[in-house]
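Residue numbers (full-length UniProt numbering): 1 to 362.
One or more hints might be untrue.
[Said to hold, decoys possible] Cross-link-like lysine to aspartate or glutamate pairs, in silico, EDC-like; alpha carbons within 16 Å at most:
#, residue 1, residue 2
1, K127, E97
2, K74, E191
3, K127, E96
4, K16, E40
5, K176, D239
6, K150, D114
[What the hints assert, rightly or not] Here are the simulated distance ranges between beta carbons:
#, residue 1, residue 2, range
7, L45, V186, 36 to 46 Å
8, K13, D88, 32 to 42 Å
9, V158, A223, 22 to 32 Å
10, T210, D88, 40 to 50 Å
11, C60, T210, 48 to 58 Å
No wet-lab data here; the hints were simulated from the structure.
Beta carbons are placed, not taken as given, at the ideal position from N, Cα and C, and that holds for glycine.
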Amino acid sequence: MNRLTSKLFRDLKHTKSFYDDIYIFTKSPKIEDHLEALRETLDILRDNKLYVKLSKCVFCADEIPCLGDFVGRKGVCMDPDKVQTIKDWPVPRNQEELHSFLGLTGYVQRFCPDYASLIATIFTLLKKKDKRNAKIHFNDEQLKNFKELKRRLCSPPVLHLPDFSQPMHLRTDASKFAVGGVLFQVVDGVERPIAYTSRKMKPAELNYPTQQQELLAIVHALAAFRIYCLDKLPIVETDHKSLEGLFTQKMANRRLARWYDILAEYQPTFSYLPGAKNGIADALSRRPDLQPETKYFHDLSVTSFDDTSFSLALSEVSTDTELMKKIKSTYAKGREIQAIFAAIKRRTSTSETKTQRQRHKL
Numbered sequence: 001m002n003r004l005t006s007k008l009f010r011d012l013k014h015t016k017s018f019y020d021d022i023y024i025f026t027k028s029p030k031i032e033d034h035l036e037a038l039r040e041t042l043d044i045l046r047d048n049k050l051y052v053k054l055s056k057c058v059f060c061a062d063e064i065p066c067l068g069d070f071v072g073r074k075g076v077c078m079d080p081d082k083v084q085t086i087k088d089w090p091v092p093r094n095q096e097e098l099h100s101f102l103g104l105t106g107y108v109q110r111f112c113p114d115y116a117s118l119i120a121t122i123f124t125l126l127k128k129k130d131k132r133n134a135k136i137h138f139n140d141e142q143l144k145n146f147k148e149l150k151r152r153l154c155s156p157p158v159l160h161l162p163d164f165s166q167p168m169h170l171r172t173d174a175s176k177f178a179v180g181g182v183l184f185q186v187v188d189g190v191e192r193p194i195a196y197t198s199r200k201m202k203p204a205e206l207n208y209p210t211q212q213q214e215l216l217a218i219v220h221a222l223a224a225f226r227i228y229c230l231d232k233l234p235i236v237e238t239d240h241k242s243l244e245g246l247f248t249q250k251m252a253n254r255r256l257a258r259w260y261d262i263l264a265e266y267q268p269t270f271s272y273l274p275g276a277k278n279g280i281a282d283a284l285s286r287r288p289d290l291q292p293e294t295k296y297f298h299d300l301s302v303t304s305f306d307d308t309s310f311s312l313a314l315s316e317v318s319t320d321t322e323l324m325k326k327i328k329s330t331y332a333k334g335r336e337i338q339a340i341f342a343a344i345k346r347r348t349s350t351s352e353t354k355t356q357r358q359r360h361k362l
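Can you make the complete structure from the sequences, with help from the hints?
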């Protein structure tokens with residue numbers, strides 16, 4: 001059915017279809033232009049002996065339901081039924097109810113800035129390996145985030161309809177615990193958001209150096225907005241100035257090499273944006289109460305790379321003198337360590353003896 005309708009309406013710029021759903025839209029303010037587009041579509045259906053059910057049709061509306069959202073002249077907004085469902089949703093009592101709530105909010109997360117930060121503490125309730133109907137208890141912070149998430153999703157922004165003839169702008173940012181981004185276009189000098197994205201970093205990603213975390217935010221955002229950025233060279237705005245010369249670097253580790261392949265598919269243009277002006281993306285990735293207390297080694301720089309190995313250099317690492325003394329004294333007393341030292345000495349002395357014999361023979 002989808003193949004049939006796509007073939008029938010492929011020459012009509014004002015008609016799109018998805019399986020048995022047909023959408024007719026016009027940008028002209030004149031009702032006559034819209035009626036003419038409607039007439040052309042109905043003529044094609046009649047010529048091919050296809051029928052529509054009148055009770056399921058909506059004519060000359062300012063906005064219509066489309067694939068789970070509402071699309072209209074002002075842009076894309078959430079389905080009012082979903083908004084009401086979220087508004088009436090009670091506090092989940094077990095993991096199964098929480099899974100259902102997060103599944104619903106995850107579908108509409110592009111309407112909610114700072115979504116990843118809000119659900120980060122709530123997700124910890126799912127880490128316990130209990131049965132799905134096991135009871136859960138919200139602490140004060142989790143309950144506060146739950147109510148704030150409901151409030152934001154019940155009053156979501158109207159997202160701009162993308163104009164593929166105009167450049168796409170992607171603004172990203174990374175904190176020490178999350179990455180976020182916003183896709184937008186500039187219309188008459190005003191930034192119009194198309195969609196938001198954010199997620200919490202994985203444990204391994206928390207150890208990435210700052211530059212790689214910023215690049216991770218870009219790779220994540222490009223993947224989230226893939227359908228918008230593939231045919232348009234996106235302009236990536238970031239507050240990390242070193243990323244402007246990303247493609248001029250001659251050395252990279254394996255992770256960066258993999259990300260370079262992904263970036264090469266999009267061919268983005270990097271633009272530096274001071275942190276003070278990077279408000280939305282910065283808010284999506286930062287939340288002081290979610291920052292891990294554990295301190296990690298950051299600012300690793302690649303010093304060399306080849307096909308089989310690579311090395312990293314640590315910067316800004318201080319040593320604890322007292323701790324080093326304790327380690328040395330423990331080494332001196334440990335039997336296993338002494339056995340290792342003895343084996344190394346025997347191997348060294350054996351190799352020196354062989355070298356001396358070879359010299360005598362020569």
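A quick look at each hint next to the structure:
1. Restraint check: the Cα-Cα separation between K127 and E97 comes to about 15 Å, which is no more than 16 Å; the hinted pair holds.
2. Annotation: proposed proximity of K74 to E191 holds, straight-line Cα distance about 14 Å (limit 16 Å).
3. A C-alpha spacing of about 13 Å is found between K127 and E96, which places the hinted pair at or below 16 Å, so the restraint holds.
4. The suggested pairing of K16 with E40 holds, with an alpha-carbon distance near 13 Å, which does not exceed 16 Å.
5. Our distance criterion of 16 Å between C-alpha atoms is met by K176 and D239, whose separation comes to about 14 Å.
6. Taken as a hint, the K150 and D114 pair is honoured in the structure, with Cα atoms around 13 Å apart against an allowance of 16 Å.
7. Take L45 and V186: their Cβ atoms lie about 39 Å apart, and the range 36 to 46 Å holds.
8. Checked against the given bound of 32 to 42 Å, the beta carbons of K13 and D88, roughly 40 Å apart, stay inside it.
9. Judged by the Cβ atoms, the range 22 to 32 Å given for V158 and A223 holds: they are separated by roughly 25 Å.
10. Distance hint check: the CB atoms of T210 and D88 are about 43 Å apart, consistent with the given range 40 to 50 Å.
11. Here the CB-CB span from C60 to T210 is close to 53 Å, well matched to the stated 48 to 58 Å.
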